[in-house]
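The chain contents come next:
There are 2 protein chains.
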Amino acid sequence: MPSSSAHAQCSEVPGWVGDGSAAAGAVTMADEAAELGEALRRQADTVRRLKQEKASPEEVAEQVAKLLELKAQLGTDDGKHKFVLKTPKGTRDYNPKQMAIREKVFDIIISTFKRHGAEVIDTPVFELKETLTGKYGEDSKLIYDLKDQGGELLSLRYDLTVPFARYLAMNKITNIKRYHIAKVYRRDNPAMTRGRYREFYQCDFDIAGQFDPMIPDAECLKIVHEILSGLQIGDFLIKVNDRRILDGMFAVCGVPDSKFRMICSTVDKLDKATWEDVKSEMVGEKGLSPEAADRIGEYVQLHGGLGLIEQLLQDPKLSQNKLAREGLGDMKLLFEYLTLFGIADKIAFDLSLARGLDYYTGVIYEAILLQPQNAHKEEPVSVGSVAGGGRYDGLVGMFDPKGRKVPCVGVSIGIERIFSIMEQKVEASEEKIRTTETQVLVAAAQKKLLEERLKLISELWDSGIKAEMLYKKNPKLLNQLQYCEDTGIPLVAIVGEQELKDGVVKLRVVATREEVDVRRENLTEEIKRRTCQP
Amino acid sequence: MPSSSAHAQCSEVPGWVGDGSAAAGAVTMADEAAELGEALRRQADTVRRLKQEKASPEEVAEQVAKLLELKAQLGTDDGKHKFVLKTPKGTRDYNPKQMAIREKVFDIIISTFKRHGAEVIDTPVFELKETLTGKYGEDSKLIYDLKDQGGELLSLRYDLTVPFARYLAMNKITNIKRYHIAKVYRRDNPAMTRGRYREFYQCDFDIAGQFDPMIPDAECLKIVHEILSGLQIGDFLIKVNDRRILDGMFAVCGVPDSKFRMICSTVDKLDKATWEDVKSEMVGEKGLSPEAADRIGEYVQLHGGLGLIEQLLQDPKLSQNKLAREGLGDMKLLFEYLTLFGIADKIAFDLSLARGLDYYTGVIYEAILLQPQNAHKEEPVSVGSVAGGGRYDGLVGMFDPKGRKVPCVGVSIGIERIFSIMEQKVEASEEKIRTTETQVLVAAAQKKLLEERLKLISELWDSGIKAEMLYKKNPKLLNQLQYCEDTGIPLVAIVGEQELKDGVVKLRVVATREEVDVRRENLTEEIKRRTCQP
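Chains as they are written, first to last, in full-length UniProt numbering: chain Y, 1 to 534; chain R, 1 to 534.
It is possible that part of the hints are untrue.
Copies of the same chain look alike in the list, so a pair counts if it works inside one copy or between any two.
[Unchecked claim] In silico BS3-like pairs for lysine-lysine, Cα to Cα no more than 25 Å straight-line:
hint, residue 1, residue 2
1, K114, K432
2, K129, K402
3, K332, K455
4, K104, K183
By construction, these hints were calculated from the structure, which means they are not laboratory data.
Model the full assembly from the supplied sequences, consistent with the hints where possible.
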């Protein structure tokens with residue numbers, strides 16, 4: 001999940017929800033077809049009546065001509081209404097090759113979550129509309145609503161964090177470490193080549209509970225580090241900041257309290273826009289004084305590590321602010337823990353990181369992939385955010401009838417961009433990806449052996465062997481071998497008249513063309529041995 | 001997937017979409033609040049104006065009183081509108097225990113699909129509305145539509161079969177064996193205790209392509225047999241029939257062509273209703289002659305195996321019908337293949353099986369669980385359908401611009417009912433289910449060892465060990481051990497002052513309380529050895 005503010009930005013492009021005309025066209029077409037159908041029916045009745053009434057042949061001929069004309073018209077019209085064969089805008093199918101890559105990525109992510117002792121939950125794809133209301137700020141306009149068909153008003157989930165908070169409050173859970181991998185939905189401007197979709201996966205890991213400061217927070221960053229290292233998709237950097245430091249900074253820069261969230265959203269655009277553009281939005285659109293904006297400008301260009309934290313703790317203005325002091329103190333602690341985890345070199349404390357969503361209350365972070373440094377050793381360039389998250393201590397309280405809070409911190413891995421990169425990598429390497437795990441093809445050497453093939457494959461399935469056969473009564477041996485070449489099946493179990501008599505099966509290794517007779521009772525073991533299955 | 005006709009039946013119960021009143025209530029409430037707000041605003045203006053006009057203190061006081069009254073009213077009203085903390089009707093969350101069971105069920109199903117050489121695909125949760133139009137007959141009213149928010153008109157998928165056919169036509173695929181496991185959506189009357197939801201999983205396996213008769217069809221039944229055996233949820237029976245036999249039977253019984261599908265839907269209700277009820281629907285609602293109904297009645301009570309097929313091939317009326325002859329011939333072939341697979345004893349040719357969906361063209365089947373026979377050896381009683389499917393040779397052609405057909409046959413496993421049964425079984429057995437895979441808890445024997453715990457756990461994570469620690473600076477050893485007891489973590493790695501000096505970690509086996517000092521460099525291997533991980 002790309003930063004939510006980036007989503008919000010794009011949705012401001014005018015006219016992008018512009019495919020309404022197609023739907024209107026379909027309705028018009030349907031109406032026209034219905035009208036024509038009715039005319040046709042009436043004309044047919046006329047012809048029938050005339051015939052019954054034994055009208056003159058000329059009269060009948062005239063009306064039949066009219067009927068044929070109408071029929072022709074219907075034909076033309078029918079041709080005009082082309083059915084559009086596509087998936088909805090911003091969505092896609094996954095073919096078996098893409099699924100193989102997707103499952104590889106999921107395996108790495110899930111095994112990391114499990115290595116950290118996470119449980120797993122699932123929630124429905126839609127929530128009551130009011131569950132989502134008031135949680136996403138200006139991004140709320142991107143929520144998909146369901147049609148009111150009688151009953152409850154529903155919306156598709158926008159992320160997995162709000163459903164998680166609803167789940168905790170509903171079940172009065174005060175303590176859990178869980179992951180959740182599922183699709184979320186945003187009516188955003190899709191940019192599918194860059195991995196941005198309207199339906200996309202989020203892989204979330206969250207720790208809920210009252211704990212000592214920054215220990216769970218540090219673990220979330222360790223998890224991001226493990227996953228991005230494990231995926232081997234190049235160098236990366238994890239930016240961290242804290243909402244309390246931002247709020248303290250806004251206060252000392254002279255931003256009125258009421259404008260904190262608004263200015264925060266504007267700061268969040270710094271990863272895509274220049275400071276000049278951001279400043280002009282602050283002053284022009286958000287009504288901030290140019291002096292206050294300039295003071296913010298000085299802070300948000302700062303990034304570094306422990307040194308910067310120490311420097312800001314001494315900052316004459318910032319150190320006077322209680323929130324900022326708290327945030328900086330915790331940031332220092334976080335860096336100590338990250339150093340113990342051996343990952344501090346990939347983490348940058350960055351005062352320009354703001355994150356779009358309203359619900360963050362403490363530390364926030366975002367991981368970006370860095371393009372490889374070129375020969376001139378220029379600064380590595382960001383190719384976009386692949387993970388993000390932070391602390392949200394107030395969200396569960398919004399759902400609890402008595403407002404009881406459950407502190408939470410979590411991270412969300414943005415799988416689609418990672419998946420795009422992996423897919424490109426696979427294509428570039430021309431690596432052949434198998435989309436099945438079939439160990440053996442059951443083949444026949446001669447005709448009329450369908451029954452024998454069915455008996456053998458059934459035996460193999462029943463002993464746990466992954467086996468296929470061609471669905472032909474009498475397939476040619478060459479076609480059967482070719483199928484193995486095409487799909488990467490390593491072994492062929494060939495039945496023939498002679499083999500049946502001898503109580504053996506000919507086992508052929510596709511790669512080497514080596515053939516060996518194996519006694520039928522040993523076949524399962526031999527296949528397992530040769531395909532390295534326990 | 002529960003038979004679709006059962007869904008249709010329930011939706012006819014009047015008033016079941018009966019939570020409209022709640023939504024209406026909310027709208028009323030919102031209207032009232034808006035009205036009140038407007039009144040309040042007007043009253044505030046009045047007070048302001050009076051003050052500006054320097055009206056008499058009495059006059060101002062009177063109007064202020066009115067304002068306060070309105071404000072109080074708003075307060076009361078606000079309190080009335082309670083936020084409902086729930087998941088949408090007919091849906092549920094899965095907690096970690098339920099997820100553990102669900103993953104066990106999926107593992108069995110997926111490994112069966114893979115054993116048969118299936119690839120996997122995925123499609124979006126919603127489709128263009130017109131993709132689903134005209135595919136489900138009278139069940140179409142159960143489709144969830146998305147709100148028209150500008151752009152394409154969308155609906156949530158109703159099953160995985162129609163999206164599969166759309167996928168094949170869109171990508172011009174004429175040959176594939178794939179599985180797809182995903183949630184589908186039906187605005188049906190939920191019966192959640194019996195595993196019937198509005199959001200539920202389907203696990204579909206389909207074979208598309210032009211092949212020799214009944215070979216893929218037989219494999220689908222073999223798969224159902226393997227899955228239901230593997231799940232160990234008791235005895236089961238797979239009923240089979242063929243749409244061509246049904247249509248032939250309708251023809252020879254004197255049902256007009258135009259009523260075939262309608263009468264077919266009525267026959268499908270025989271698993272829940274008596275013949276008398278079904279007959280009265282045929283005659284009363286569907287306008288069939290009582291004689292035709294009686295002739296149908298004679299056929300639909302027949303069930304058996306190869307013997308019945310032979311008998312019907314000799315049936316003086318049925319054998320005259322081309323469609324019926326084709327269907328019966330293929331049914332005979334199917335039973336031959338099922339016998340070779342060794343599963344014919346669990347299959348019953350049943351002329352009352354009809355299946356609700358429009359798109360079937362050939363063999364159809366449905367698996368039901370049988371309750372264990374009681375001591376009196378009565379007939380086993382059906383506890384409901386857990387799998388179903390059949391051949392649909394025309395569906396892909398409905399999407400192809402040139403109407404090119406791709407023959408398909410498939411099966412859908414209804415996971416929710418199976419899941420309910422598994423859940424009950426687990427609860428009854430009081431078996432303790434672990435919801436994490438954590439191998440070791442990193443614990444401290446004394447205070448002030450947080451840093452040492454962080455260093456050790458980081459080492460373990462980096463060498464692939466699943467490890468947890470408590471997020472406290474100074475947790476008590478007893479609490480750390482208790483956490484292992486509660487969550488089933490088998491090992492504790494304890495760091496203490498002495499152990500640090502000696503370069504060892506104390507490894508404690510939770511079950512036996514045995515403790516052993518392990519040299520730090522050997523710890524990973526020792527944990528792997530003791531938790532049987534490769």
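Verification of the supplied hints:
no., hint, result
1, K114 to K432, "between (29 Å within a copy, 19 Å between copies)"
2, K129 to K402, "within (21 Å within a copy, 42 Å between copies)"
3, K332 to K455, "between (69 Å within a copy, 17 Å between copies)"
4, K104 to K183, "both (17 Å within a copy, 22 Å between copies)"
Violated hints: none; the structure is consistent with every hint.
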